[in-house]
Each structure stands twice: as structure tokens, then as C-alpha cells.
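> Each chain, written out:
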Amino acid sequence: MNIVVCIKQVPDTTEVKINPVTGTLIRDGVPSIINPDDKGGLEVALELKDKYGAHVTVITMGLPQADAVLREAFAMGVDKAILLTDRKLGGADTLATSNALAGALKAMDFDLVITGRQAIDGDTAQVGPQIAEHLGLPQVSYVMGLDVKGEGKYIVKKETEEGYQTLEVEGKCVLTTLASAFKPRYMTVAGIVDAFDKEIEVWGADKIQVEESKIGKAGSPTSVFKSFTKELKPAGEKFEVDPEQAVELIVAKLKEKHII
Amino acid sequence: MNKADYKNVYVFAEQRDGEIQPVALELLGKARELADGYGEKLVAILAGYKIAAKAQTLIAYGADEVVVLDAPELKDYITEQYAQAIHQVIEAFKPRIVLYGATTIGRDLAPRLSARVNTGLTADCTKLALAEEDQEFLMTRPAFGGNIMATIVIREHRPQMATVRPGVMQKLAKDESRKGNVVTFEPKFDSSKFKVKLIENVKEAKDTVDITAAKVLVSGGRGVANKEGFDKLQKLADVLGGQVSSSRAMVDAGVMPHDRQVGQTGKTVRPALYLACGISGAIQHLAGMEESELIVAINKDKFAPIFNVADLGIVGDLHKIVPMLAERIAKEIEK
Amino acid sequence: MNFELTKTQQLFKQMIREFAEKEVKPLAAEVDEQERFPIETVQKMAKLGIFGIPIPKQYGGAGGDHIMYTIAVEELSRVCATTGVIVSAHTSLCCAPILENGTEEQKMKYLPKLASGEWIGAFGLTEPNAGTDASAQQTTAVLDGDEYVLNGSKIFITNAGYADVYVVATMTDKSQGNKGITTFIVEKGTPGFSIGKKEQKMGIRGSATCELIFENCRIPKENLLGKIGGGFKVAMKTLDGGRIGIASQALGIAQGAMDETVKYTKERKQFGKSIAQFQNTAFQMAELETKVQASRLLVRQAAWKEGLGLPFSADAAMAKLFAAQTAMEVTTKAVQFHGGYGYTREYPVERMMRDAKITEIYEGTSEVQRMVISAKLFK
Numbered sequence: 001m002n003i004v005v006c007i008k009q010v011p012d013t014t015e016v017k018i019n020p021v022t023g024t025l026i027r028d029g030v031p032s033i034i035n036p037d038d039k040g041g042l043e044v045a046l047e048l049k050d051k052y053g054a055h056v057t058v059i060t061m062g063l064p065q066a067d068a069v070l071r072e073a074f075a076m077g078v079d080k081a082i083l084l085t086d087r088k089l090g091g092a093d094t095l096a097t098s099n100a101l102a103g104a105l106k107a108m109d110f111d112l113v114i115t116g117r118q119a120i121d122g123d124t125a126q127v128g129p130q131i132a133e134h135l136g137l138p139q140v141s142y143v144m145g146l147d148v149k150g151e152g153k154y155i156v157k158k159e160t161e162e163g164y165q166t167l168e169v170e171g172k173c174v175l176t177t178l179a180s181a182f183k184p185r186y187m188t189v190a191g192i193v194d195a196f197d198k199e200i201e202v203w204g205a206d207k208i209q210v211e212e213s214k215i216g217k218a219g220s221p222t223s224v225f226k227s228f229t230k231e232l233k234p235a236g237e238k239f240e241v242d243p244e245q246a247v248e249l250i251v252a253k254l255k256e257k258h259i260i
Numbered sequence: 001m002n003k004a005d006y007k008n009v010y011v012f013a014e015q016r017d018g019e020i021q022p023v024a025l026e027l028l029g030k031a032r033e034l035a036d037g038y039g040e041k042l043v044a045i046l047a048g049y050k051i052a053a054k055a056q057t058l059i060a061y062g063a064d065e066v067v068v069l070d071a072p073e074l075k076d077y078i079t080e081q082y083a084q085a086i087h088q089v090i091e092a093f094k095p096r097i098v099l100y101g102a103t104t105i106g107r108d109l110a111p112r113l114s115a116r117v118n119t120g121l122t123a124d125c126t127k128l129a130l131a132e133e134d135q136e137f138l139m140t141r142p143a144f145g146g147n148i149m150a151t152i153v154i155r156e157h158r159p160q161m162a163t164v165r166p167g168v169m170q171k172l173a174k175d176e177s178r179k180g181n182v183v184t185f186e187p188k189f190d191s192s193k194f195k196v197k198l199i200e201n202v203k204e205a206k207d208t209v210d211i212t213a214a215k216v217l218v219s220g221g222r223g224v225a226n227k228e229g230f231d232k233l234q235k236l237a238d239v240l241g242g243q244v245s246s247s248r249a250m251v252d253a254g255v256m257p258h259d260r261q262v263g264q265t266g267k268t269v270r271p272a273l274y275l276a277c278g279i280s281g282a283i284q285h286l287a288g289m290e291e292s293e294l295i296v297a298i299n300k301d302k303f304a305p306i307f308n309v310a311d312l313g314i315v316g317d318l319h320k321i322v323p324m325l326a327e328r329i330a331k332e333i334e335k
Numbered sequence: 001m002n003f004e005l006t007k008t009q010q011l012f013k014q015m016i017r018e019f020a021e022k023e024v025k026p027l028a029a030e031v032d033e034q035e036r037f038p039i040e041t042v043q044k045m046a047k048l049g050i051f052g053i054p055i056p057k058q059y060g061g062a063g064g065d066h067i068m069y070t071i072a073v074e075e076l077s078r079v080c081a082t083t084g085v086i087v088s089a090h091t092s093l094c095c096a097p098i099l100e101n102g103t104e105e106q107k108m109k110y111l112p113k114l115a116s117g118e119w120i121g122a123f124g125l126t127e128p129n130a131g132t133d134a135s136a137q138q139t140t141a142v143l144d145g146d147e148y149v150l151n152g153s154k155i156f157i158t159n160a161g162y163a164d165v166y167v168v169a170t171m172t173d174k175s176q177g178n179k180g181i182t183t184f185i186v187e188k189g190t191p192g193f194s195i196g197k198k199e200q201k202m203g204i205r206g207s208a209t210c211e212l213i214f215e216n217c218r219i220p221k222e223n224l225l226g227k228i229g230g231g232f233k234v235a236m237k238t239l240d241g242g243r244i245g246i247a248s249q250a251l252g253i254a255q256g257a258m259d260e261t262v263k264y265t266k267e268r269k270q271f272g273k274s275i276a277q278f279q280n281t282a283f284q285m286a287e288l289e290t291k292v293q294a295s296r297l298l299v300r301q302a303a304w305k306e307g308l309g310l311p312f313s314a315d316a317a318m319a320k321l322f323a324a325q326t327a328m329e330v331t332t333k334a335v336q337f338h339g340g341y342g343y344t345r346e347y348p349v350e351r352m353m354r355d356a357k358i359t360e361i362y363e364g365t366s367e368v369q370r371m372v373i374s375a376k377l378f379k
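Residue numbers (the working numbering), protein chains in the order written: chain F, 1 to 260; chain Z, 1 to 335; chain P, 1 to 379.
Rather than coming from a laboratory, the hints here were simulated on the basis of the structure. Warning: the hint list may mix true and false statements.
Unchecked claim - With the Cβ distance kept under 10 Å, some of the chain P side facing chain Z (calculated, not the full set):
#1 4
#2 7
#3 271
#4 274
#5 276
Quick caveat: nothing in here was measured; it's all calculated off a predicted structure. Where is the CB? At the ideal position from N, CA and C, for every residue including glycine.
If we strip away everything but chain F, and leave its shape as in the complex, we get (with noise of 0.2 Å):
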């Protein structure tokens, strides 16, 4: 079984802080990290390497030094890594990134493809179910455990609001997995001292099996037409009185603003 995990380096947005003068985000000093679902999808590839002894190619697009997180990956246990890295994929929307994406995989042989649900710094969801698309493959979203089967198939719950669905794929198949599904391995000690020695396949714009028209800026079809940090708040007003009257302060706020 060949499995691809498509995984993404993100901003750490958990340890990402606002500027109260500037308004802006200090960038500066945020760790870069897999991002978390795609860890999660990791994390499903390399125990179905145990299991059944899959070979686990990871992809990454991005800047030259995204190649961080294939290091990473092989120091978790992956056996091929690959870093999707073209000026003239930059730019990309949600739209191009598939369309690059899935055009790499044209290039591979593989029977599934794993990539997380969305990623923390845009949250959008969208790349891997648009990659199903343009590889003309089933989906499945919101993973939360899967079981091969035999002959193919493959039993796959996913997370839905109530509760859970389980679903049975048949055939090659792309799915996006939930972080708080699967706790990702941690990196071998022996893992990471090998980890620099491995090879990293860098692969640019002509590797992949898609017209220049779909990739990059030129390939997305959303645009920012603006963006902002939300406005702080000024403080609100302070009260130091008796628990009376404390008790009227705030009913009387609550009826305000319809709470009560």
C-alpha cells in the first residue's frame, strides 16, 4: 500500500500575539510547525505502516524551508519526502493550491491520500476535498478512524455534529483527518540524528501534471481584498460598591444587552 500525506508548515497561531500599538501581528519569533490535522493524517499513514508495512511518501508546497517539516516527518517515520517549491506556485488560493497539489500526485502511484482537514492558519478545509475533485477520487472529511478492510475497501469514521458516521470507501480515496482524532508519534531520538542524511526530492512547477493557467496567483480565483485586526476594546467601566448594589450593576447590564 502507497500512502501520499499532504502536509502543510504553519505559523504556531497559538503563540501568535497582537501589537497593541501597531494593531498588527507580531510574526516575529512564531515557531513554525506541521500543521495539526496533517499531523493527525500522519499519525493514520505510519500506523498503517506498522500494521501492514505501507510505504509513506509525505509532500509539502511551499518556501524552500518548509523542507522543516519533511524533516520532521522522517524523524516520526515516513520513507519519502517531497517539497513541491516554485515561484510561480506562490500566491496561491485554496483553488491553485489543489490544482498544484493534485497535479503532483498525478505524478505518483499511490492507493490513498491523506492530508488534514484544514489548516490553523487559514481554517479553511478546503484543499483536500478540492484535490479529491481534481483527481476524480472519493472523499471522505473529518476522519476520526479508519480500518482497511481487504479488497480495497476501507472503513472510515468521520465526525459529524451529533455524533459519528461510518462510511465504506471502495478503492483509492483522499482523506482529511481531525488532530483530536489521533495523537501524532513523537520523533525518534534515532529518527532525528537520521533524519538530515535522507534525501528531500524537490520538485518545481514542471514536475507536475497541471496547466500553468490554474497554479499560483494567476490560478486563484479569491483574492484579499482587504484585512484587519479586529479593534481592541476599550475598558469598560470598574465599580468598587457593596454587593447590592454590585447585583444591580450587572442586571441592569444584562437587561441591556437582552441577556436576561
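Chain F is fixed; fit chains Z and P onto it per the hints.
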């Protein structure tokens, strides 16, 4: 593609087990405004099996027209079946805009369709508007873990598509007397592409409390001190129809379970009311709750940083104030 | 000259920090409170190869370097000094002397299982009457046919009871003084070898510290580690390496207390501003930060020399002396900065202060380090 051919605002009216989902009605409320802005029709797409009777509900909530797709293939949501069906609607009717709920269904279907029709899609919008000068469709969404807001446009592709977070838009008051067209649309299915089978759909009564879904949170910190303190908070939460949440300190102390924790290492909440009791307001805590619509803080320490984000701050003893407040509000609600 | 960690070391630090934060830190208070050996953490560390960091691949280790090992002990100790010393004693005091002095058979027999963490290691040198003066060994080993017979006892032995392999110093010829000391490998379960009383300690309370008792304990001749009479050298070299481990532990404790204090003093407000904004706090913290960073440079220099096979005895002593003093100073001040809360178990700094003290005592007291450093200075 000729942009001018694409007209009218469409809403994918999500149903589950034959029940129209609240988000569909919310979308109709906002889409009504958009359609009026363009002077065009608001059309709901209703897909399911033996579902046609629900079309009138969508009209009552603002739709001018309902396109009904009634087929056994559409009984339960499965990506490919729905993608084929809705794709044919888009091809046939050429909508200017299509909106979906940002649910596990909408967020599965919309990207699939965006790739199939080769158009743009904006995820999880919290604001939709038309630009004053040129009526460009402006879709605003949080990004970067909620740290920034981005307004997205889709200039050259149609339809313009967006998913919208449930609970964000307001539905219109139901008007049973509204009249509208119901159009039946029969999609043609290519079942050779159906590779996913639904085995079971399990609905779990989740025993863990989802504090992110609560409209009111009464939250306790170090000042609450212990389980007895939290009992007082629980009574107040019960009166307000809310839940009790906690700062990290009380979770670490073993007084409250982790699923109640608000903050950077806990959950991010945006309730209509966040009542912070005895919480000093460490940055990590503020990160998890400062988006709340109304923040009321009670703390003994008048310099507690929680007061910097509170709309109303009370310097005082929560152990006295909270029980009195619960009693007072109970009376207020009875009235 | 380059002060930057290599990419491998950086990636390793990322892993061990995450592991420490997620797996070790949540247990730290409980392990301390209950004086409980964190066996579940040991199993998790074993799976990742943390017990075999600097052991060569041919002996089943990860083939990492000594800097990585110091980073591991530092990062673990930053959240839980107990966990830090388990790894340190295992690696520096058991794996290292076997790797350095063992025969090929001994290395093949013990190192793969020690590196994988299937076996835990310990080291027995200290006796009731042989502390700082290690030459006063009273445990004896007498050759009887193909076996050595051990009699005597060892005290304050880290990992005792949980360890499977013990490197033990004995007196084989009292008339020779230091040159009459010989080290052996003793396996758990050998008849005549038992674990005595467990110490109740001020700090590192989760670490198992017990007595080893040998009563006509017969071990095969092949378990001789190094040469007859070469034990003092083995022990001293082992302690040199161990000191880098303990210096790393002290460094980690100090860093942990710094991190807690920075967080707390930024949050805690008095008189309308955070206490970090008071110059008294800020300047004292600046001093402490400088000492922590200086400790780290000493630790890494010593580990770097050890890795290159250069003499590092005085470097290890300086690293341990300074890092231990720094840990004590930082943790004491951390409690002070936390005020009344710092004195309670609600915050980890009081535990860190108790944990820090041992780093000035074990694997050579600070006084011993001064002896080592001055001996080199005035030789």
C-alpha cells in the same frame, strides 16, 4: 464564461433527516439582503428524499424560489451524490452567489463543488456585504487563529461561493403568507462514481459539556477557591441557562475538568455573556475569551487584568455577589 | 567557532521540549507529592530512544552526540528534575562506563538493552563511610573459582530497585588503596543482591534512591568491568561524565524556574503594574538570566570536549559547580518573586527549590568540584 450570465443569490438549504437546519434559515436572512441589493431573486436549493413539503418553510423565511431535488440518492448526505446534483443546478441556473452553512456537510460539499465548477470559495464567513461603490460581493472571515479578519472577493469567477458559520447571521421572522415558486429539478446521476456507502449514522448524546456552544458562561478562577465555590457559580449558570467554565488554575488544581477550561491551553469561547468570577485574567486566559460579546468581571483585586477587557467590572467578593445575583436574576426572569 | 545548535540538535530539542511539556510536566507535582517513580514516563522515553541518545548505533543506540544528551536532561529537568536524573544516572553512570571500559561481549550483552530502555542502569559507588572520599570502599569482592563474591553495601543509589544493571565499585585489594578498587557489572536478581531501605528525600522525590546490599553475592568472572584495580579510574571518569549530566539537570531546573517566574511576574500585578515592571524584579531577573546562560555555555563546552575525546574533567566540574549554584539561587529567588504563592504547592517553584539543592551535593559536592578545579589550576 460570461459573468453577466450569472444572476440571483442561491442558498444551499441543508437538511438532515428531512429537517431543515437552522443555518439554512440564517443564510436566507442574509441572502435576502444581498438579493435585494442586486434587485435579484433569492433561490433556495432543497435536496433530499421526500422533502418537497419543506419548500414552503424556505419561502416563509425569505426565499423567492425553491429548487427542489427529490431523489432516493439524496436521502442522506454523501459527497459525490450531492456534488453531482448541486453541480447540475449550478450549470443549469448560473447563480451569481451560492451560500452554504459552514457545517460538516457544507464544508465537505462546497470545496468539492468549487473545484468541479472551477470557482472561488470563501470559508467560514462571519460577515457578507456588498461594496457600496460597485456592489462587489465582500466576504469577511477570521484567519490566523482568529487573530486577523480578511475580506475576500471573487472578481472573475462565478458563482461566488461562501460557507457561513452557523449562529452568525440572523434569520427573518417567519412569514407563512409569503408566496414563492417551487421548481422541481431532476438531477441525472452517474452512479459509477458512487464509491462511498453510509453504513451507520450515530447520534451521541455527548456527556462532555461543550462550553464553546454555550450562550452564557459563568467562569471561575482562583478566587472561587474550591468545589463549593463552583456550586455557587453553577446555580447562577442554571438561572441564566448557561454553563460553568474555569480558568486553568482551577483545572490544574483538580477542582474542574479540563473540558471546562477556557484559554490558550483550553478552549476559545465566544458566548453572549462571559461572567468572570475570581479570574485575574492572565494573557493566556484572555486569549480564550476576549471575543465574548459581553464580559462582566467580579474580582477582589482592583488591579486584576481581567478588568482591562471587561465591559463591566465589579471590585468585590464573588462569594457574596454570585448567590445574590442568582436569586435576583431568578426573580427578574419570573416577572 | 559556532555557538548555534546543529539542525539535528535543534530538531531534537523541539522533540524533547514537546515531550517534556506534554508527557512529563503534567506528572511532575504528583510524582513529587507521592514520592512515586514515574514508570509510565520511563516506558514512553524508552520507546523514543531517550535512554540511548549518545550510544553508538552498533550497540543499539541512537548514535546521537553528547550535546543532545545534555539537552535531553536539561529539558526534562526543566519540568521535572526527577525524570531528568533517571535519564542522567542511567546514561552517564551505567551506559557510559560499560561503553568506555566494557569488553565487546559486555557491550553487546548490555548496551542494546540499556539503549532501548528495556533495561535501566544504575551505579554503586557511595557507601556509608565512603562519600566524598570514594577510596574508602568497604564493599569487598573476592575471587572464588570462576566467580567473584561480593559483600557490603552501597547507599544513596539512584534508580535502585528499578534498575536491571548496576555498575558497582568494590575493594579487591585493600593494601593497594585506590589501586585496589575494581568495578563489576551486577544484574538485578543475582542471588545475594538485594535492595535495602529507600530514602525519603527533600527533593527529586520521585527518583528511587536506595541502599544496595550484597551478601555473598556471586557474580561470574566475566562481569569484571575494566581491569582488576582499575576501578577508581573507572569511577572517577564516570563521575566526570555524570557531572555533565547533573550540570544539565541543574541548568534545566534553573531554566524551569526562570520560565515560571517570567510568566508570573508579567501577570501578577501589585500597585497597578506588573511586578516585572519594577526595576528590582527586572534587574535581579537579568542577573539570573545571565547566570543561566553562562551555565549553559559551560555545560555545552564540557559536553563538546567529552564528545571529541578531549580532557574534560575540570570543565565538567566547573559546569556542575556553577550550574548547581545557579539553580539554587534562581529557584530561591523564584520563590521570593512568587511571594506567598511561591511558598505553596500551587506553583512549581517551591518544588524546584527543593530539587535544586541536590545538584550541589550528588555526583560530587560543590566542594569536590572546587577540589577538581583547583587541582588542575595549581598542578
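> Would you list, in rising numerical order, the hints stated earlier that this structure does not obey?
1, 2, 5
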